[in-house]
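Please model the complete structure; the sequences and the hints are all you need to start from.
Which chain is which? The protein sequence lines are Y and E, in order.
Counting in this note's numbering, the first sequence runs from 2 upward without gaps.
Counting in this note's numbering, the second sequence runs from 453 upward without gaps.
Worth flagging that the hints you see were computed from the coordinates, not collected in a lab.
Keep in mind it's a predicted model, so treat the numbers as computed, not measured.
There may be inaccurate statements among the hints.
Straight-line C-alpha distance at most 27 angstroms; calculated DSS-like pairs for lysine-lysine [said to hold, decoys possible]: (1) E:786 x E:821; (2) Y:134 x E:652; (3) E:455 x E:786; (4) E:652 x E:455; (5) Y:266 x Y:107; (6) Y:781 x E:932; (7) E:549 x E:455; (8) Y:759 x Y:384; (9) Y:710 x E:895; (10) E:623 x Y:30; (11) Y:617 x Y:607; (12) Y:134 x E:689; (13) E:582 x Y:710; (14) Y:391 x Y:14; (15) Y:345 x Y:180; (16) Y:562 x Y:11; (17) E:895 x Y:781; (18) Y:412 x Y:689; (19) E:733 x E:821; (20) Y:184 x Y:345; (21) E:689 x Y:689; (22) Y:30 x E:582; (23) Y:30 x Y:180; (24) Y:617 x Y:465; (25) E:516 x E:733; (26) E:549 x Y:516; (27) Y:30 x E:549; (28) Y:30 x E:585; (29) E:585 x Y:710; (30) Y:607 x Y:412; (31) E:582 x E:623; (32) E:455 x E:636; (33) E:620 x Y:30; (34) E:636 x E:620; (35) Y:617 x Y:155.
Label-pair ranges, simulated between beta-carbon atoms [said to hold, decoys possible]: (36) E:795 x Y:35: 47 to 57 angstroms; (37) Y:140 x E:762: 31 to 41 angstroms; (38) Y:567 x E:585: 55 to 65 angstroms; (39) E:713 x Y:184: 55 to 65 angstroms; (40) E:901 x Y:96: 47 to 57 angstroms.
We treat Cβ as the ideally placed atom computed from N, Cα and C, and that holds for glycine.
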Amino acid sequence: MNKHASPNLKAAKIAGGVHTDQRHDSAHKHVAGTAVYIDDMPEPAGTLHVGIGLSSVAHGKLKSVDLSAVRSAPGVVDVLTHADVPGENDVSPSGMHDDPVFAEGKVQFHGQPIFAVIAETREQGRSAARLAKIEYEELPGIFDIWNLDPEKDKQVTTPLTLTRGDAAAAIAAAPHRIKNRMKLGGQDHFYLEGQVSLAIPGEDDEVIVYCSTQGPSETQHLVAHVLGVPSHAVTVEVRRMGGGFGGKETQANQCAAIAAIAAKKHGRAVKIRLDRDEDMTATGKRHDFAIDYEVGFDDEGNILGVDFMFALNAGFSADLSGPVGDRALFHCDNAYFYPHVHAKSAPLYTNTVSNTAFRGFGGPQGMVGAERVIDEVAFAVGKDPLEIRKLNFYDPMGAEGERNVTPYHQKVEDNIIHRIVAELAESADYAGRRRTIDAFNANSRFIKRGMALTPVKFGISFTKTESNQAGALVHVYNDGSVHMNHGGTEMGQGLHLKVAQVVAEEFQIDLDRVKITATTTAKVPNTAPTAASSGADLNGMAAQDAARQIRKRLTDFAAEKYQVPTDQVVFLPNRVRIGNQEIGFNELVKQAYLNRIQLSAAGFYKTPKIHWDRAKGRGHAFYYYAYGAACSEVSIDTLTGEYVVERTDILHDTGRSLNRAIDIGQVEGGFIQGMGWLTTEELVWDDKGRLRTHAPSTYKIPLASDRPKIFNVALTDWSQAYEPTIHRSKAVGEPPLPHGMSVLHALSDAVASVADHKICPRLDAPATPERVLMAVERLKAEAAGK
Amino acid sequence: MTKTRNEIRFLLNGEDVALSQVAPDETLLDYLRLRRSLRGSKEGCAEGDCGACTVLVGRLTDGKLVYESVNACIRFVGSLDGCHVVTIEHLRGEAGKLHPVQQAMVDFHGSQCGFCTPGFVMSLYGLWMKEPKPADAAIEKALQGNLCRCTGYEAIMRAARAISSYGKVAKDPLAVERAAVTEKLTVLRDGSRVEIGAEKHRLIVPADVDDFASILESEQKPTIVAGSTDVGLWVTKHMRDISPVVFIGHLDGLRTISEKDGLVSIGAGVTYTEAFETLSKRIPALGPLIDRIGGEQVRNMGTIGGNIANGSPIGDTPPPFIALGATLTLRKGKARRTIPLEEFFIAYGKQDRQPGEFVEAVHVPVPAKDSYFAAYKITKRRDEDITAALGAFLLTLARDGTVASIRIAYGGMAATPKRARAVEAALTGKPWTEAAVEAAMTKYAEDFTPLTDMRATAEYRMLAARNLLMRFFAESQGGKAPIQVSRHRVA
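Next comes the structure, spelled out in structure tokens:
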């Protein structure tokens with residue numbers, strides 16, 4: 002591809018507009034090893050490196066911290082503790098002041114940073130950090146939530162309650178009631194690039210921090226807070242991350258702060274890059290949940306009332322646990338209408354690392370709770386769970402009924418789950434394969450098959466209203482080339498590409514005329530983190546706004562110069578028709594420049610319609626919903642619990658996709674990540690509160706050989722966003738992740754076969770081979786009459 | 453008299469490198485990224501599990517140049533003498549274009565965040581050179597040591613299947629330059645011992661096995677490094693001081709596989725990949741087992757000898773070798789002794805190896821035609837996972853259908869790889885029936901008291917271990933119904 006080729010002035014369409022399949026803008030650099038991540042940047046001369054000192058106990062008072070051996074180790078320039086923090090020793094993203102940069106007086110989890118060694122080399126910093134002599138007065142610790150009381154035990158922030166109708170009465174009056182609990186494990190992000198920051202000191206109070214962060218603005222604000230300087234002194238920049246998944250929404254801030262403190266103190270560039278074990282030990286993860294549920298239902302399997310308690314392991318501080326618990330409640334209905342519902346969250350304090358955002362942000366946990374309830378009802382009434390699912394769906398879009406109100410009193414107006422499930426059941430031959438599986442199981446003693454089809458309805462918008470805004474900055478240079486910048490960050494999801502497609506479309510110029518540039522707080526201020534699947538929705542709109550401003554100026558200019566009405570200025574591919582003549586886009590731009598037309602614009606967008614009253618538990622929390630469904634089939638070995646995924650079919654809704662190739666990648670990757678969460682990814686803490694699975698040798702994310710043997714992924718080609726989103730596309734980051742539930746439920750279905758599908762397996766997650774085998778044993782014993 | 457030189461010499465991409473300053477624990481990845489600013493190879497885990505640092509290392513095996521994927525993060529520079537290191541920066545296609553592997557990855561959307569991508573490209577490159585049109589099973593095997601968190605792998609698989617339509621292996625620079633590189637490497641292997649450093653920073657690359665034996669007799673507590681898939685982590689994770697290091701992975705005298713009178717003898721320096729070819733043919737049940745040891749990069753580096761010599765209770769080769777009745781040859785100076793393999797493992801962290809002694813070879817009997825052998829590995833994740841429990845079984849039936857002999861050995865169930873003698877006793881002489889097997893399954897508690905750890909609970913280990921005997925029995929009975937889940941149907 003020759004980027005300097007002249008634009009095609011006769012093209013019928015631009016190359017790379019919206020709704021076209023485009024390769025990731027950095028793909029050619031990814032494959033060549035030339036895409037630059039923070040640790041790959043050339044270090045300024047004299048760059049110092051950080052080794053981090055972590056707590057070796059989970060809960061205790063710091064009796065003495067003797068760092069003399071650390072200080073005198075080879076290459077050590079300085080050792081930082083809380084005493085070296087110029088501003089506030091806190092990186093809490095929620096204003097709770099409970100997230101110290103360095104532990105002060107006490108430690109609250111095993112692996113909490115206590116000090117940072119600043120050394121000439123990273124190896125020297127890491128080695129020296131091990132020489133600290135720290136005495137603790139150990140205190141009793143809480144290392145899991147299984148035995149905590151969600152009503153009484155300590156919570157890190159205010160819980161949420163959602164109520165509609167009278168759940169208690171409806172359950173009490175129901176023909177059938179079931180009450181139980183599900184344990185649902187957490188998940189490490191395992192972004193391939195760990196936490197990393199490079200801080201370069203500037204003049205006066207200035208510092209620039211290159212940081213692998215999903216939220217540059219928040220990183221900027223917290224670094225300023227920690228340094229005790231105004232935000233204008235701090236610039237945070239990121240070109241790309243080596244994966245984020247929510248793990249760099251708030252968790253990047255501590256490293257950024259440490260690097261910035263050291264850089265300002267020593268007037269030298271400072272880089273911190275956590276080792277994988279440190280990263281997994283010292284930074285937060287997806288919350289594990291204890292889900293207590295009680296459901297009342299009738300003989301047919303209609304749910305009449307539900308009561309949920311979602312207790313989540315917040316860890317030692319609030320971080321984002323409040324909103325994560327909220328989103329679990331927002332999704333405790335998944336795609337189902339509950340006539341009466343009562344749901345509470347309980348973000349519980351424990352002496353473990355503070356859990357945080359992770360793709361789905363509590364939503365998947367809420368949906369897993371909903372699907373467990375469906376399973377319970379299905380086994381109780383003796384029906385295929387898919388029947389119970391369909392029976393309890395919200396009314397479809399356009400229906401006149403009243404079964405369309407969520408537990409938070411928002412009306413579901415765009416429901417397309419019926420059509421998606423029907424199409425998927427057809428294309429995956431659910432009914433036919435169900436018969437095949439039954440026949441297989443009847444003739445197979447040790448290997449059993451199972452299948453499940455699970456739906457997804459995912460709410461799109463930040464529930465924190467102020468996060469639903471975005472900015473962009475677009476420059477058109479006088480040669481007609483375009484510089485594009487916006488507040489979103491690139492972590493592999495193709496956000497920059499999609500936004501560039503939007504800008505190319507507005508100007509009607511080929512995609513390669515639009516330059517993608519690093520996200521920096523100096524160009525677009527006060528941005529939301531790239532999270533909640535919002536990246537393209539928000540930033541695409543903001544960039545479109547900026548481009549439209551410039552296009553309008555060009556239009557007005559052309560109309561005036563050529564003396565035609567503005568409606569006779571039409572942007573065609575790489576050219577503009579003005580009255581009866583056409584001139585190249587570049588030529589028009591050149592003329593505009595010569596006539597002193599401003600060719601730069603800041604764009605802005607805020608999501609309309611949404612509002613949310615947390616105290617009342619009511620509101621229009623989501624602008625719209627994204628839908629999808631997955632059908633998975635598995636084989637399990639009833640002697641060992643080992644399993645394979647035989648086949649998965651997914652049909653997913655991304656509205657009028659901006660770029661189907663990118664969206665398919667999001668769906669495939671999201672599913673596999675969700676499957677990993679619910680199957681082999683097991684976080685294990687020991688009885689001292691130490692994480693034992695802190696590296697890939699012990700923490701097992703899916704491999705290529707864990708993919709379904711047959712894996713069919715399709716996007717709905719008929720849906721479009723109900724609301725006027727960017728080109729009627731829908732968000733795609735998080736919604737596919739819960740498709741992993743289809744594997745958990747297929748495993749559950751296979752387990753159920755050992756007791757003739759008469760007993761609900763209540764398979765907890767992650768469903769490791771061990772959990773599968775133990776569930777098989779339990780069901781066999783129960784079926785045999787204990 | 454052995455010649456000595458004081459520099460490590462190797463080829464890096466297109467360049468001759470001679471280093472006289474090398475720390476004994478300097479990793480290839482640090483060398484590339486820090487000393488050479490070749491930053492295409494990434495550090496994702498620093499323990500050989502994620503593959504983001506994958507590079508190819510070419511070396512001469514029986515005079516033939518073989519390129520294999522390895523993890524640069526746990527490969528020591530000192531082990532590269534006489535090798536050709538190929539990094540992502542060396543890949544190129546014709547006329548300034550991307551390499552076929554790279555272009556396929558681009559066209560099939562095989563990258564998202566891109567951080568793991570150079571590693572995937574290198575693994576696929578290594579595969580493509582050996583097998584231009586691989587089946588899915590081969591691709592998955594080649595990628596067992598590469599983690600991707602974004603794509604879900606499907607796009608990478610599509611790319612991998614398409615590579616051969618992008619170019620011919622014969623036109624690849626490594627193929628074109630094969631003769632020249634072979635000649636260069638031949639020259640680099642000058643029969644010298646390499647010694648670098650002093651005091652606490654010493655490394656030694658012995659000239660040959662005799663030289664190695666004599667070094668071991670004179671050095672105090674040397675660290676012997678073959679594949680560094682274990683010792684690498686002592687450095688990257690535990691920051692242990694490992695000097696003096698004696699590198700032995702290159703020693704031809706330890707890299708031989710031979711067969712005589714039904715005994716396969718494997719030199720201690722033979723890698724899993726090299727052993728696979730012979731073992732999977734002669735003892736087919738070992739093929740699928742070796743395929744599940746580490747990832748491809750680890751199998752290309754790690755050695756059978758290291759798997760035994762490090763004494764781990766969860767090494768994957770000792771249980772099947774013990775069940776098969778393998779013996780081990782240890783050497784000290786010129787003296788050799790051969791012992792039953794199971795006697796090598798004395799207790800946790802304690803083996804029957806004297807100071808100055810080293811494991812030279814393991815001798816594995818090929819099971820008799822009328823016997824039945826199987827080995828089963830249980831893990832949380834199917835591939836590239838460390839064993840929770842591993843059972844190996846060798847059964848010979850008498851003419852009357854009773855058990856003439858049975859040898860059962862487990863890993864992960866005790867402090868060492870261990871025989872299930874009570875279970876064996878319960879079965880020996882009995883009819884080989886389900887009833888007898890079920891009776892024997894009650895004897896496991898006499899043999900084992902497994903632990904609970906992050907891989908499995910004691911209860912699961914015990915239950916699964918017992919059930920493996922049932923699996924073994926069921927498989928010995930034949931029949932149509934599947935006994936195990938399988939990733940790929942056997943053709």
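Hints versus structure:
no.	hint	result
1	E:786 x E:821	violated (37 angstroms)
2	Y:134 x E:652	holds (24 angstroms)
3	E:455 x E:786	holds (20 angstroms)
4	E:652 x E:455	holds (23 angstroms)
5	Y:266 x Y:107	holds (25 angstroms)
6	Y:781 x E:932	holds (24 angstroms)
7	E:549 x E:455	violated (45 angstroms)
8	Y:759 x Y:384	holds (10 angstroms)
9	Y:710 x E:895	violated (38 angstroms)
10	E:623 x Y:30	holds (23 angstroms)
11	Y:617 x Y:607	holds (24 angstroms)
12	Y:134 x E:689	holds (20 angstroms)
13	E:582 x Y:710	holds (24 angstroms)
14	Y:391 x Y:14	violated (43 angstroms)
15	Y:345 x Y:180	holds (15 angstroms)
16	Y:562 x Y:11	holds (23 angstroms)
17	E:895 x Y:781	holds (22 angstroms)
18	Y:412 x Y:689	violated (47 angstroms)
19	E:733 x E:821	holds (14 angstroms)
20	Y:184 x Y:345	holds (16 angstroms)
21	E:689 x Y:689	holds (21 angstroms)
22	Y:30 x E:582	holds (25 angstroms)
23	Y:30 x Y:180	violated (54 angstroms)
24	Y:617 x Y:465	holds (15 angstroms)
25	E:516 x E:733	holds (22 angstroms)
26	E:549 x Y:516	holds (22 angstroms)
27	Y:30 x E:549	holds (12 angstroms)
28	Y:30 x E:585	holds (25 angstroms)
29	E:585 x Y:710	holds (19 angstroms)
30	Y:607 x Y:412	holds (21 angstroms)
31	E:582 x E:623	holds (14 angstroms)
32	E:455 x E:636	holds (19 angstroms)
33	E:620 x Y:30	holds (22 angstroms)
34	E:636 x E:620	holds (24 angstroms)
35	Y:617 x Y:155	holds (23 angstroms)
36	E:795 x Y:35: 47 to 57 angstroms	holds (54 angstroms)
37	Y:140 x E:762: 31 to 41 angstroms	holds (38 angstroms)
38	Y:567 x E:585: 55 to 65 angstroms	holds (59 angstroms)
39	E:713 x Y:184: 55 to 65 angstroms	holds (56 angstroms)
40	E:901 x Y:96: 47 to 57 angstroms	holds (52 angstroms)
Of the numbered hints listed earlier, those contradicted by the structure are 1, 7, 9, 14, 18 and 23.
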